[in-house]
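Undergrad: Positions 17 to 123 (the numbering used here) are the ones given, in order, by the sequence shown.
Incorrect hints may appear among the rest.
[Claimed, not checked] Derived lysine-lysine pairs resembling DSS-like cross-links, with alpha carbons at most 30 Å apart:
no., residue 1, residue 2
1, Lys-50, Lys-99
2, Lys-99, Lys-58
3, Lys-71, Lys-54
4, Lys-79, Lys-50
5, Lys-58, Lys-71
6, Lys-79, Lys-54
7, Lys-58, Lys-79
8, Lys-42, Lys-58
9, Lys-99, Lys-71
10, Lys-71, Lys-42
11, Lys-79, Lys-99
12, Lys-54, Lys-42
[Stated by the list, open to error] Okay, the calculated beta carbon distance ranges per label pair:
no., residue 1, residue 2, range
13, Ala-33, Thr-78, 17 to 25 Å
14, Gly-55, Pro-90, 24 to 32 Å
15, Ala-77, Ile-98, 15 to 23 Å
16, Pro-80, Glu-38, 35 to 43 Å
17, Asp-103, Thr-44, 33 to 41 Å
18, Pro-25, Val-108, 16 to 24 Å
19, Ala-47, Leu-114, 31 to 39 Å
20, Glu-74, Ser-32, 13 to 21 Å
21, Pro-25, Leu-114, 33 to 41 Å
22, Val-24, Ala-110, 29 to 37 Å
23, Lys-42, Ile-109, 29 to 37 Å
24, Glu-87, Ala-30, 27 to 35 Å
25, Gly-55, Tyr-91, 40 to 48 Å
Derived by calculation from the structure, the hints in this document are not laboratory data. By construction, the Cβ of each residue, glycine as well, lies at the ideal position given by its N, Cα and C atoms.
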Amino acid sequence: IHFPVSFVPGVEEATSASQVEEIPLKDTWLAMEKLVEKGLVKNIGVSNFEIEHIKEIEAIATKPIAANQFETQPYYQRNELIKYCQDAGIVVIAHTSLGSPSNVMSK
């Protein structure tokens, strides 16, 4: 699950709240679990999920979250999120791990 929000069909990048749909994470997660049960995917990972989103999934999941990919780098250390994931057995995958010129914290 790439991002804990859903865009209105046809929207590639939301720039306003009206372009985001309220689809519960529970619905998406349970649909993904069915794909695991059918043997179509082996694991389910998430991206850009904060601790609150992970807890929401953990409350209803019958399959574990395999990985969480999010930005973490020297200028944007996510120690609390990293520790939470590690304690829960969720593999942490860092994107932009060497920093990003567009990140205001790296300036």
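Undergrad: Next, verify each hint and record whether it holds.
TA: These are the hints, each one checked on the structure:
no., hint, in the structure
1, Lys-50 to Lys-99, "holds, 29 Å"
2, Lys-99 to Lys-58, "holds, 24 Å"
3, Lys-71 to Lys-54, "holds, 25 Å"
4, Lys-79 to Lys-50, "holds, 10 Å"
5, Lys-58 to Lys-71, "holds, 21 Å"
6, Lys-79 to Lys-54, "holds, 13 Å"
7, Lys-58 to Lys-79, "holds, 10 Å"
8, Lys-42 to Lys-58, "holds, 19 Å"
9, Lys-99 to Lys-71, "holds, 14 Å"
10, Lys-71 to Lys-42, "holds, 11 Å"
11, Lys-79 to Lys-99, "holds, 20 Å"
12, Lys-54 to Lys-42, "holds, 19 Å"
13, Ala-33 to Thr-78: 17 to 25 Å, "violated, 32 Å"
14, Gly-55 to Pro-90: 24 to 32 Å, "violated, 40 Å"
15, Ala-77 to Ile-98: 15 to 23 Å, "holds, 20 Å"
16, Pro-80 to Glu-38: 35 to 43 Å, "violated, 26 Å"
17, Asp-103 to Thr-44: 33 to 41 Å, "violated, 24 Å"
18, Pro-25 to Val-108: 16 to 24 Å, "violated, 32 Å"
19, Ala-47 to Leu-114: 31 to 39 Å, "holds, 35 Å"
20, Glu-74 to Ser-32: 13 to 21 Å, "violated, 31 Å"
21, Pro-25 to Leu-114: 33 to 41 Å, "holds, 35 Å"
22, Val-24 to Ala-110: 29 to 37 Å, "holds, 30 Å"
23, Lys-42 to Ile-109: 29 to 37 Å, "violated, 23 Å"
24, Glu-87 to Ala-30: 27 to 35 Å, "violated, 18 Å"
25, Gly-55 to Tyr-91: 40 to 48 Å, "holds, 42 Å"
In this structure, the hints that do not hold are numbers 13, 14, 16, 17, 18, 20, 23 and 24, in rising order.
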